[in-house]
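*Asks:* Letter by letter, the chains look like this.
Protein chains: 2
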Amino acid sequence: MVISSIDKLARDKSIEILRKKFRLLAKRIIEGKRPVIVMPKRILSNTIYDEKNKLLLLGPEMQRRSFLDVNEARKFMQTLLMASIIYEALANNEYPTIRDLYYRGKHTIIYRDLHGRTHHENTWDEQRESDSVIRDLEVYLGVLREEMLILSKEKGKVVGNLVIKSGDDTIDLSKMGHGAYSIEPTPDLIEFKDVDAEYVLVVEKDAVFQQLHRYGFWKKQKAILITSAGQPDRATRRFVRRLNEELKLPVYILADADPYGWYIYSVFKIGSITLSYESERLATPSAKFIGVTMTDVFGDEIIREKIKDLKSIKTISSSTLRKLPRKKPYLTEQERRNYIIKAKPKDIERAVELIGYDVAEACLENKELKSKIRRKKEGLAGYPWFRTPEWIRELCIFFKTLSKLEIEAMASKGLKFLADKYIPEKINVGDWID
Amino acid sequence: MVISSIDKLARDKSIEILRKKFRLLAKRIIEGKRPVIVMPKRILSNTIYDEKNKLLLLGPEMQRRSFLDVNEARKFMQTLLMASIIYEALANNEYPTIRDLYYRGKHTIIYRDLHGRTHHENTWDEQRESDSVIRDLEVYLGVLREEMLILSKEKGKVVGNLVIKSGDDTIDLSKMGHGAYSIEPTPDLIEFKDVDAEYVLVVEKDAVFQQLHRYGFWKKQKAILITSAGQPDRATRRFVRRLNEELKLPVYILADADPYGWYIYSVFKIGSITLSYESERLATPSAKFIGVTMTDVFGDEIIREKIKDLKSIKTISSSTLRKLPRKKPYLTEQERRNYIIKAKPKDIERAVELIGYDVAEACLENKELKSKIRRKKEGLAGYPWFRTPEWIRELCIFFKTLSKLEIEAMASKGLKFLADKYIPEKINVGDWID
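Sequences listed follow chains C and R, in order. Residue numbering for the first sequence follows this note's numbering, starting at 17 and increasing by one per position. Residue numbering for the second sequence follows this note's numbering, starting at 17 and increasing by one per position.
Just to be clear, a hint being listed does not mean it is correct.
One copy or two, it doesn't matter: identical chains are merged, so the pair holds either way.
Calculated cross-link-like contacts (lysine-lysine; reagent style DSSO-like; alpha-carbon spacing at most 30 Å) [to be verified]:
id, residue 1, residue 2
1, Lys181, Lys327
2, Lys209, Lys235
3, Lys327, Lys236
4, Lys343, Lys122
5, Lys327, Lys122
6, Lys209, Lys358
7, Lys432, Lys24
8, Lys358, Lys322
9, Lys235, Lys24
10, Lys191, Lys236
11, Lys122, Lys344
12, Lys392, Lys57
13, Lys169, Lys432
14, Lys169, Lys238
15, Lys169, Lys304
16, Lys181, Lys235
17, Lys360, Lys209
Since the hints were made in silico from the structure, they are not lab data. Remember, it's a predicted structure, so these values are computed and weren't measured experimentally.
Excised from the complex, chain C in its bound form (with noise of 0.2 Å):
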């Protein structure tokens, strides 16, 4: 087998962290005492928004899981299977997916219980339990699961005038022809040898991405160009976080004008809510929205009377919505016609969900759609990273119109127009969302 030497350094690193954590739960057994596994609580109500770093944090709850605890041995047990096979994966020199973590551990353990009846229990039913239960390890020993070389499925890619070293190979990332550098899963491990670029833009679509590299839109415009193919998966998100963190690359995040294409910013952005423990790692808090907005689309006239009126709206003060910079559309009256996306129910449930209900009540003009997001509005505040100015302005034009618009809406105007005046002109004047 050939292995790398890179791969070997990472393994015996994550092998001593496993083996130091439950070392000390040995201890505790053998000293008579309870075992009992302590990390702090991965719920929603124990994550907190940190406003300064811009980041989604794991907050001060610790959950107890103790052995000798009726309603908390079968997890104990789930957390120390799934530790034992992770380490003996590490140990054989495996690279195992969660998939087949999930297969490795999955067996039924029959019983007696004190009164001689046989029990079938299963160890795990199906890979979500299995799922959960390395995520808790990888709060409880504070390790990625790419550091312990757990490998997925990979969707992102990349070139630019970008020099890595992956494995023991030395990758010029100028040079990939018409295809492109599909991003390892475990980018923690990949070493930046050279750069020579100003920006990193992150498309959402891959056909963009296709689009854009095909034209010579990074070698004219000194990017390096991402794409993570739709919603980004881990090794994508650490790899544009490192770029930006350690070779100061700025971030830009091309994405449809539409709730799903926010989201998609959101998570590169802050994180994802439910993985709150990795975004310290993972997410890029100075990454900005190049676009598409929808004041791209529409300008900010439509909106303009609304948004200085907009006094229903909690922790903005009216006079910040005002003081916005105005906006002209880059789309004509005859194109926006033409290639806008009338939204779809999922479409403005997600909206609110992003922005918060009382910015929807504020702009929708259909009054039945406004009377339901009434009745619902229980728990839909927003998340506090879109309750900014642009952003309540940008979702109130959506809310207004109803409307989308994806990129390819943009290419179809020409991909000179796009690559050439569309991108830069935003990036060279600062027209983007923070």
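Let chain C serve as the given structure and place chain R on it in line with the hints.
*Replies:* Coordinates of chain R only, in the frame set by chain C:
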């Protein structure tokens, strides 16, 4: 703009074909004749399975689209509109996607009829319509959309001892570190420079590709390792076909033991039924299904008696079924219990589609399902290329056990087992299904 010389050549070639074809049409119009487009019918009843070459082909039925026929005028105009958009994109060094071709052509034609009434007519409403027009053009022109520099999203990845030229770069696919090379959307423009490999292994699942790659499988086995990341896209299929045809490398498909996996094999080997015109260029008729087979999971014992007595199956004599070589399972009873997944109704439906209702009826043990199949056997004769003794045995086990298995289950027996034993052993002894 950075124009690749290879793209320039491809453009010129497609422009020439478009010009030639439509100049004839223009000539007819100038001569005062009815403008008509004649092309093969792209419908199921005009799709023929070429038994000898193992390919799906379009049959001899032709369709005429006349501008002066009210029923055909809309389709005629759509075809010309799309052709002109593609022509312009080619001439302007654009790289459109099928999505933005949809946007480029989408507009409303306003006209007055003889009575002075105003009408509104959309060029097309949904992408389904414009996509169908692109397919018509591919058939009419005898050119694949990729050759017209129409791009699309791309999932396929490759690593191995293969040096290619793509665009202006020479790329060594054995030097990708832990990452991989993303196949370009126009694989016909790739030039194979140097190869040192004995076969191509196509893995359905990206995560399993990552595992085998990381393990050094392709180095040890002298293989070119590819993943389609699920249902293969056109570029991955064309790339695999070219490796097979031009470099004479045998192709093996590693997919899940379920109807979805079997269908992926079928698309690589024969082509997709709705797009039969492309299979002549995209399919790899000699591709083999290396696993996971149902006999790898269960052996053949479980079905041996049944297979011997299968008299009700059309086109296959029971003596050929009897002569099938015996097979031992790779899994123990215990492993089977842990790894097997119960087939869903959708799986059963698909399996019947692939193999035909008669095999399902003969092998199902569940009486309720049996009679359900019997009731709707219409049109479910199975695909001819699945009606071989080997596939009948496979599907018979599936129907009898109503079980399926993922490749990950094999990996969870240890990557060593998958990479050093299962795959090489099967290839060495020829234990595949054609």
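*Asks:* Please go over all the hints and tell whether each is borne out by the structure.
*Replies:* Hint by hint, here is what the structure shows:
When the C-alpha separation of Lys181 and Lys327 is checked against a cutoff of 30 Å, the pair qualifies neither within a copy, at 54 Å, nor between copies, at 61 Å. Proximity of Lys209 to Lys235 under the C-alpha cut-off of 30 Å is found in both arrangements, the shortest distances being 19 Å within a copy and 25 Å between copies. For the homomeric pair Lys327 and Lys236, neither the shortest alpha-carbon distance inside one copy (45 Å) nor that between copies (68 Å) is at most 30 Å. Taking the shortest Cα distances, Lys343 and Lys122 sit within 30 Å of each other only across copies (26 Å), while inside one copy they are farther apart (57 Å).
Proximity of Lys327 to Lys122 under the C-alpha cut-off of 30 Å is found in neither arrangement, the shortest distances being 56 Å within a copy and 40 Å between copies. Within a single copy, Lys209 and Lys358 get their C-alpha atoms no closer than 46 Å, and across copies no closer than 49 Å, so neither meets the 30 Å cut-off. Taking the shortest alpha-carbon separations for Lys432 and Lys24, only the inter-copy value of 17 Å comes in at or below 30 Å, while the best intra-copy value is 47 Å. For the identical chains of this complex, Lys358 and Lys322 are intra-copy neighbours only, at 21 Å inside a copy versus 56 Å across copies, given an alpha-carbon limit of 30 Å.
In this assembly of identical chains, the alpha carbons of Lys235 and Lys24 lie at most 30 Å apart only when taken from different copies (18 Å versus 36 Å within one copy). For the identical chains of this complex, Lys191 and Lys236 are neighbours both inside a copy (15 Å) and across copies (26 Å), given an alpha-carbon limit of 30 Å. Proximity of Lys122 and Lys344 under a CA criterion of 30 Å is satisfied inter-copy only: 24 Å between copies versus 58 Å inside one chain copy. In this homomeric assembly, Lys392 and Lys57 come within 30 Å of each other (Cα to Cα) only inside a single copy, at 28 Å, whereas the closest approach across copies is 53 Å.
In this assembly of identical chains, Lys169 and Lys432 lie within 30 Å of each other by CA distance solely across copies; the values are 20 Å between and 33 Å within a copy. For the homomeric pair Lys169 and Lys238, the shortest alpha-carbon distances inside one copy (29 Å) and between copies (23 Å) are both at most 30 Å. In the homo-oligomer, the alpha carbons of Lys169 and Lys304 lie at most 30 Å apart both inside one protomer (26 Å) and across protomers (24 Å), since each shortest distance falls under that limit. In the homo-oligomer, the alpha carbons of Lys181 and Lys235 lie at most 30 Å apart both inside one protomer (21 Å) and across protomers (19 Å), since each shortest distance falls under that limit.
In this assembly of identical chains, the alpha carbons of Lys360 and Lys209 never lie at most 30 Å apart, being 46 Å within a copy and 49 Å across copies at closest.
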